[in-house]
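Peer 1: Here the protein sequences line up with chains A and B, keeping their order.
Note that our numbering has the first sequence beginning at 1, numbered continuously upward.
Note that our numbering has the second sequence beginning at 337, numbered continuously upward.
None of these hints come from the bench; they were simulated from the model.
It is possible that part of the hints are untrue.
Here are a few chain B residues that face chain A, going by a calculated C-beta distance under 10 angstroms [to be verified]: (1) E366; (2) A370; (3) D374.
Here are the simulated DSS-like cross-link-like pairs (lysine-lysine), alpha carbons at most 25 angstroms apart as the crow flies [stated by the list, open to error]: (4) K222(A) / K207(A); (5) K369(B) / K266(A); (6) K398(B) / K266(A); (7) K125(A) / K266(A); (8) K125(A) / K438(B); (9) K369(B) / K297(A).
All figures in this text were calculated on a predicted structure; none of them were measured in a lab.
The beta-carbon is built from N, C-alpha and C at its ideal position, and this holds for glycine as well.
Single-letter residue listing:
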Amino acid sequence: MIQTDIAIVGAGPVALFAIFEAGLLKMRCHLVDYLPQAGGQLSEIYPKKPIYDIPGFPSINAQELVDNLLKQAEPFKPTFTFGERIESLEKKGERDFVLTTNLGTVIQCKAVAIAGGLGCFEPRKPEVVGLDKFENGKGINYMILDPEKYRGQKMIIAGGGDSALDWTIFLSSICSELTLVHRSEAFRGAPDSVTKVMELAKEGKIKLLLNTNLLSVNGNDKLESVSLKNIKTNEEQTIHTDHLIPLFGLSPKLGPIEHWGLQIDKNAIEVNTDDYSTNVPGVYAIGDINTYKNKLKLILCGFHEAALMSHSAYKYINPGVKYTMKYTTVNGVNEF
Amino acid sequence: MSDIKIHIQNPDGTLSTLEAPTEMGLSLMEFLKASEYDILATCGGMALCATCHVQVISGFDKLNEATNDEYAMLDTLPNITDTSRLSCQLRLASNMDGITVKIMGDGLS
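From just these sequences and the hints, can you work out the full model?
Peer 2: Listed below in structure tokens is the structure:
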């Protein structure tokens, strides 16, 4: 079990700055993020994009800002759990909390700061009835974790983006039969992958179905076949397969946070702007995930929220203890 | 006045018409959001997330050509149509006057 002062849900820029602000008040932080690295959207979606509205930086690349925030947080020895999602948030005793991830990691803490941005990025699912019947190892997966699992198997990949093309190329030599299904009549992704996929289709190494939609998934205990429809000719066909991998990118979802007893408005957590506390004492929400009157989803606003959250969390964790705010110019940064 | 009309096809098939300003440099995504349509626009308008996907029901040919980045992002979607666009890549301008769109992207709920 991990023990810390503040458990931070998320590891984006606002979460990273919260480590620094909490550290100035001698509180330790543990961060949990579903993504495999720190930085949130900045590292995952737009690492190379310049940001122009960080005070003091006329222009800074997103990844550079993340690297700087990590460096700034370093003196306060933050700890991280990546690739896991917090499933539950429960009270422990009078004031403490216990958080548990989807993989069973348990974090005990004295306060919680939810800095989850837009929530968790989950695979986008096509609108086909009964997909969920074959999830959990019964033939339908939305990510390819272990390609070896598909050796000698029949497989259908659906999608037309880079990941669908790249996996098709990679798996074409592993699967016994591979069909790529795409809704459009052309691919407009990376030209190299498109050429390679077209060659594989020409050589008969894969079956390529363009202008084609998923119609239904069929089988009893496990997936046995997928029915498809050509949207130009309306022709339908059913292909026997062991696996179907829909690869339609990622979309953010609030996820389990919805069930933690917090007041939610349109996918965001309502907070009191005095200190960015939620309706549950000791639980705060900062950054893009919170909402209040005149909220601006800006990194710089999140930084401000992190500072106020830290001071309030200090009071929550240390009831009755008097303290005064000290400037870093006076006190410096006293590392742990 | 440099306002243009944008028609929105609602989920029930009915049409709503909005007056959109062209002088503010807004994208269609930003305008739809400001008009309180349920549109996520995760990446804020960089053609990086495809959550502001719209199907252009009429007036598709009047629009500026999509960039390769926009096409590549559209191709990742399960519900792409022949007249799909990312609304964040459509800057409100006179060429868009009278187009009809249907919001296809991931909503807030």
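Peer 1: Does each hint fit the structure? Answer for all of them.
Peer 2: Results for each hint:
{"no.": "1", "hint": "E366", "in the structure": "13 angstroms, violated"}
{"no.": "2", "hint": "A370", "in the structure": "14 angstroms, violated"}
{"no.": "3", "hint": "D374", "in the structure": "9 angstroms, holds"}
{"no.": "4", "hint": "K222(A) / K207(A)", "in the structure": "23 angstroms, holds"}
{"no.": "5", "hint": "K369(B) / K266(A)", "in the structure": "13 angstroms, holds"}
{"no.": "6", "hint": "K398(B) / K266(A)", "in the structure": "34 angstroms, violated"}
{"no.": "7", "hint": "K125(A) / K266(A)", "in the structure": "21 angstroms, holds"}
{"no.": "8", "hint": "K125(A) / K438(B)", "in the structure": "20 angstroms, holds"}
{"no.": "9", "hint": "K369(B) / K297(A)", "in the structure": "13 angstroms, holds"}
Against the hints set out earlier in the document, violations occur for numbers 1, 2 and 6.
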